[in-house]
Amino acid sequence: MNVALILLIVIPLGTAILIPLIDIFHKEVRKYLVVFSAFLEFIILLYIVVNNFSKITNGSIFLTYNLGGWLPPLGINLTLDMLSLYFVALISTAVLFLVIYSIGYIGHHEGKYYVLLFLMWAAMLGIILTSDIFNFYVFLELVLITTAPLIAFKRNREGTEAAIKYMFYGILGGVFIFIGIILIYFNLGTLNFAEISANFNMLPLNIQILISIFFLVGLFIKLGIFPFHFWVAKAQSAAPSPISALLSGVVEKIYIYAFLRLIWNVFGINVLQDTGMSKIIIYVALLSSIIGHVLALYEDDLKRMLAYSTIGHLGIIIAIVTVNTKFAIMAGLLHVLSHLLMKISLFTSAGFLLQFTPSHKLKDSRGVAHENISVFSGFIIAAAGMMGLPPMIGFFSKLFIVRSFINSSFYFGASLVVLGSIFSFIYYSRYITYGFKKISLGSPEEFRLILSVLYREKVVKNIALLFVIAVVLSGIFYKTVFCPLEGVYNVLENPSLYIDLILGG
Amino acid sequence: MLELFLENFTINSFNLIFVATGIIITGAALLSTRDYRYAHRKLFYLCNLIYVVSFTMIIMTNNWIIFLIGWELVTVTTFLMLLWGSNKIARIYLIIQFIGSNFLLYVVLMIMNAGYSTIGPISEFNLQILLIIGVGLKSAIIGLHFWLPIVHSRAPSPVSAILSGWVVKLGFIILLKTVTSGNILLFYAGIAMVIYASLEAIFETDYKVLLAYSTISQLGFVAIGIGSGNIYAYWGSVLHIIVHGLAKTSLFLSSGYWIKKTKSRTIYAFKNGWFVDRKNSILTIIGLTVLAGFPIFAGYNSKYLIKYAAGGGLFLNYVFHGLSILTYLYVFRFLKWGIFNIDKTEKEFSKDEVNESNSFLSISIPLFLIVLITFISNSLLGINLANYHLLSGLFKNLIYIVVALSILKITDWIYVKEKPVPSMDIFLIRIKNWNNVIKGKPKVETIEVDMENQIYNILIKFAKFVYTYLPKKIQSQLLFIPIAILLLLIFIL
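Those protein sequences? They're chains A and B, same order as listed.
Its first residue numbered -5, the first sequence is counted upward by one per residue in this note's numbering.
Its first residue numbered 94, the second sequence is counted upward by one per residue in this note's numbering.
Hints in this document: simulated from the structure, not taken from any laboratory.
Quick reminder that beta carbons are idealized off the backbone N, C-alpha and C, glycines included.
Careful, some of the hints might be misleading.
Stated by the list, open to error - To be clear about the criterion: a stretch of chain B counts as covered by chain A if any three or more of its residues have a C-beta under 8 Å from a C-beta of chain A, and this derived list gives those stretches: (1) 194 to 202; (2) 552 to 559.
As the list claims (entries may be wrong) - Below, a list of computed lysine-lysine pairs in the DSS-like style, where the Cα atoms sit at most 27 Å apart: (3) A/Lys159 x A/Lys148; (4) B/Lys536 x B/Lys525; (5) B/Lys181 x A/Lys355; (6) B/Lys557 x A/Lys355; (7) B/Lys534 x A/Lys431; (8) B/Lys554 x B/Lys356; (9) B/Lys510 x A/Lys355; (10) A/Lys148 x A/Lys228; (11) B/Lys525 x B/Lys554; (12) A/Lys357 x B/Lys181; (13) A/Lys25 x A/Lys106; (14) A/Lys355 x A/Lys452; (15) A/Lys432 x A/Lys148; (16) B/Lys525 x B/Lys510; (17) B/Lys566 x A/Lys159; (18) B/Lys429 x B/Lys510; (19) A/Lys357 x B/Lys554; (20) A/Lys228 x B/Lys353; (21) B/Lys437 x B/Lys356; (22) A/Lys148 x B/Lys566; (23) B/Lys181 x A/Lys431; (24) A/Lys148 x B/Lys356; (25) A/Lys432 x B/Lys181; (26) B/Lys135 x A/Lys432; (27) A/Lys357 x A/Lys473; (28) B/Lys353 x A/Lys355; (29) B/Lys525 x B/Lys353; (30) A/Lys228 x B/Lys437; (31) A/Lys432 x A/Lys355; (32) A/Lys49 x A/Lys320; (33) B/Lys557 x A/Lys159.
Just chain A, with the same shape it has in the complex (with noise of 0.2 Å):
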């Protein structure tokens, strides 16, 4: 039993439902509330991570948390291991420095943003720590419903289209994921993730196929890889910049931890792999990555381009980890950390940056780099990143997983990855190069003085270096985020223990 880990969830939830009775008092209060509790969040993160330092250099930490005392089988519980420390990790840094980053840049009608903010971390990191399938099911939905409003939070007719075509997208994938839990509950009479993972291999195998493709095809809608990424572009375009960095940084992220622990741990990857679906989903993955980055090519809209960018890493991603070797998968969980460094800092950048142009084009965008060429540059970081120039970390996770691809003689997928590098260089450098062109101020259609509109400029501008900071400095010490994930893979690869873990113990 470890308290800290209802902690994690308690603490965004509680602060959720603080905030419109802070508000009845004192609306200044608000700000540093959040602040607060963001900062608790990150410091109940740190304490379980210095209490457990010994374990987690062994890669063999476990902790659990029984709500209300029962036992596993029966009852709803808590689990967190290498992987869910990974992503708790990830997520609750990164969710910190955007709180921080809202503060300075949402103007309006803070405290409804706020709210749904902190209940999407809740159910993020209830997703995480959580080992029942179906309260996993509710957490996603509660993602899901918490994020819908966020991207219509401009209250324009774009943002509301967004929030619909996502809504619609994402109940679908629930949907899906849903008739799998019925199916799972047919057959084997419970929810717990363990004693699914210890009684899986017993069901026939078409009904662990059908189970299977329900549970992969739901994800793949919410995880927007194509044929299903037709709202990714949408959604992440249409909501204020730090949703749409939370969206692409962090939210996909909790669908391929969703991926890794129901495919790895509950599942079990010979079932992909002996019936050959994992080939395919290394196929449809890789050609998503790749019509990804062409539709980047096509955008003229920045926000647009860095959605689908993010298609095309999300595709790399599946696809390196279903090669299932130890190093592709360290490789593709070093590129989950890479990509949300690399996109939050894109993100965060350009949402600075867009305060200076008329609308979201490239071409409305000249001359952005002479208006604030601090924050251009950290811009050109994580772009030069993402296209994996060093000393980024982006270089060695697209080094690793090109080396992977080819280690497991899988060349098509290097040569896809190389090309995608090359695509991003391309639409990345038009952007640039739109925003180092000088606009002359004689003529008249020129003309245009945008003054930021920013609330706290300060703000907003340091949090969007700092990630640029992260991302260098991640390059750098490459190794010390590396080595710690082969406890990572240690989970992933052995599914029995994880089974002892949640019912021995």
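With chain A fixed as given, assemble chain B onto it according to the hints.
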């Protein structure tokens, strides 16, 4: 920390000489930049510092990954240096180099996969070929050289000295470590490079383009030495990398001062050079003599060793004599039309505010080192291979000179009308015209879009094709879900 360093880096005289040469070249170029107006000079120095660190990584390391990191860093830092010249050229350079380094990444990982965990001799012919193509874009192996005259001639002179003097050599340094027992394809590619680039240089009127083509032709000699697998030729390549790097640096730096004085880049504008700027003329002549391989300069030593590559083959021996004559041809043609084109009626060079306080030092330091290397070349390489037969070499070179001069005399010193500075557009016009000839359309003279836009257009057309054939309505988008499930089920069950 020290252990980690020693694990991944090899320190031997071979590597240290290369690093020292690179640093001297960068230093000479930086000394010369003090005579130019540079904005943000400190940033430029910082770029150079990172560049020095990264090429040191490439040369010293025995770890493929560190090599790749260094390679990418060299690309980025040289791109940043080019930004002090023209943005467009820098962008073209970065695009081409980025594609090349991505291919190299792919190749290196394949080599690592084949079991070569550290940088060392590679025995598989296929992997050697892949590596040669991989480094080819940066090192301008023939076929992949098309960008070099454009970028090196348009860059600011100190930057072209760095690019032409050292950056192109880095690929050959890695080939020296990996292709130790020769590669027949590299050997013939080298001969083709010398012939092609010398011919281009002979008919060139722009001095910096001439020097850029001369770089390709001299790299051809290095490729011959590595590709032959002959031990003498191999060490000749090592020497030639150093000597040519120093000589080309000095020549490009002096070209900067010529251009500043004459306000023109064509060789015909250097009329009366001998009378007007005696110092620069002498240094330029020495640099060109080193390139041509005249005895008593180290250029002779390296070419002497490389000529062992011919082995006993009579035909190859004659080919090698021909290659030397080709070099003399473009050297003498430049001297005739440039420095020694004496015309007393012409006005003198403009003397207004040309700052050349560092010119003598920056141009002559590399040349001084070459003279030094001439006498210590055996002890520099740490081997005692040959005694270079200076007298017979002198005799041979005199014959080359006589042949070259008589060819030039017969052809009236090959006068060519002034050509435009090469750019990517010329390639595009050529490609467009081939296409038009096939289609039966008339040829075009000019093309409006540049290379970059052309590539974008092709890619964006492809992207538009994908974009238009994806469904727009949500009903048809949602149809993908049942289709995908059905396909999966049919495929598996």
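How the hints compare with the structure:
Proximity of the stretch 194 to 202 of chain B to chain A, defined as three or more residues with a beta carbon under 8 Å from a beta carbon of that chain, is established by the 5 residues found. Counting residues of the stretch 552 to 559 of chain B whose CB falls under 8 Å from any CB of chain A gives 6; the rule of at least 3 is met. Note on lysine 159 of chain A and lysine 148 of chain A: the hinted pairing holds, with a Cα-Cα distance of about 16 Å set against a maximum of 27 Å. Between lysine 536 of chain B and lysine 525 of chain B the alpha-carbon distance is near 8 Å, which keeps this suggested pair within the 27 Å criterion.
For the proposed pair lysine 181 of chain B and lysine 355 of chain A, the alpha carbon gap of about 23 Å is at most 27 Å, so the pair holds. Taking the CA atoms of lysine 557 of chain B and lysine 355 of chain A, the gap is near 17 Å; set against the 27 Å cutoff, the hint holds. The suggested pairing of lysine 534 of chain B with lysine 431 of chain A is violated, with an alpha-carbon distance near 37 Å, which exceeds 27 Å. Restraint check for lysine 554 of chain B and lysine 356 of chain B: the C-alpha separation of about 43 Å exceeds 27 Å, so the hint is violated.
Using a Cα cut-off of 27 Å, the hinted pair lysine 510 of chain B and lysine 355 of chain A is violated, with the two alpha carbons roughly 47 Å apart. A threshold of 27 Å between alpha carbons decides the hint, and for lysine 148 of chain A with lysine 228 of chain A the separation of about 13 Å falls inside it, so the pair holds. Distance check on the hinted pair: lysine 525 of chain B and lysine 554 of chain B sit about 18 Å apart at the alpha-carbon level, within 27 Å; holds. Pair hint lysine 357 of chain A plus lysine 181 of chain B holds up; C-alpha atoms about 18 Å apart against a cutoff of 27 Å.
For the proposed pair lysine 25 of chain A and lysine 106 of chain A, the alpha carbon gap of about 12 Å is at most 27 Å, so the pair holds. A threshold of 27 Å between alpha carbons decides the hint, and for lysine 355 of chain A with lysine 452 of chain A the separation of about 25 Å falls inside it, so the pair holds. The straight-line distance between the Cα atoms of lysine 432 of chain A and lysine 148 of chain A is roughly 31 Å, outside the 27 Å bound, and the hint therefore fails. Our distance criterion of 27 Å between C-alpha atoms is met by lysine 525 of chain B and lysine 510 of chain B, whose separation comes to about 24 Å.
Of the pairs offered as hints, the one joining lysine 566 of chain B and lysine 159 of chain A holds, with about 11 Å between alpha carbons and a cut-off of 27 Å not exceeded. A C-alpha spacing of about 15 Å is found between lysine 429 of chain B and lysine 510 of chain B, which places the hinted pair at or below 27 Å, so the restraint holds. Between lysine 357 of chain A and lysine 554 of chain B, the direct Cα distance comes to roughly 18 Å. Compliance with the 27 Å bound is thereby established for this hinted pair. The suggested pairing of lysine 228 of chain A with lysine 353 of chain B is violated, with an alpha-carbon distance near 55 Å, which exceeds 27 Å.
Taking the CA atoms of lysine 437 of chain B and lysine 356 of chain B, the gap is about 19 Å. The hint holds against a cut of 27 Å. Restraint check for lysine 148 of chain A and lysine 566 of chain B: the C-alpha separation of about 24 Å stays at or below 27 Å, so the hint holds. Proximity of lysine 181 of chain B to lysine 431 of chain A is assessed by CA-CA distance (about 12 Å); at most 27 Å being required, the pair is judged to hold. Of the pairs offered as hints, the one joining lysine 148 of chain A and lysine 356 of chain B is violated, with about 58 Å between alpha carbons and a cut-off of 27 Å exceeded.
Restraint check: the Cα-Cα separation between lysine 432 of chain A and lysine 181 of chain B comes to about 15 Å, which is no more than 27 Å; the hinted pair holds. Our distance criterion of 27 Å between C-alpha atoms is met by lysine 135 of chain B and lysine 432 of chain A, whose separation comes to about 24 Å. Pair hint lysine 357 of chain A plus lysine 473 of chain A does not hold up; C-alpha atoms about 40 Å apart against a cutoff of 27 Å. At most 27 Å may separate the alpha-carbon atoms for a hinted pair to count; lysine 353 of chain B and lysine 355 of chain A exceed this at roughly 43 Å.
Between lysine 525 of chain B and lysine 353 of chain B the CA atoms are separated by roughly 36 Å; this puts the pair beyond 27 Å, and the hint is violated. The hinted pair formed by lysine 228 of chain A and lysine 437 of chain B fails the criterion: a straight-line CA distance of about 74 Å is larger than 27 Å. Under the criterion of a C-alpha separation no larger than 27 Å, the hint pairing lysine 432 of chain A with lysine 355 of chain A is consistent with the structure, at around 17 Å. Proximity of lysine 49 of chain A to lysine 320 of chain A is assessed by CA-CA distance (about 21 Å); at most 27 Å being required, the pair is judged to hold.
Under the criterion of a C-alpha separation no larger than 27 Å, the hint pairing lysine 557 of chain B with lysine 159 of chain A is consistent with the structure, at around 23 Å.
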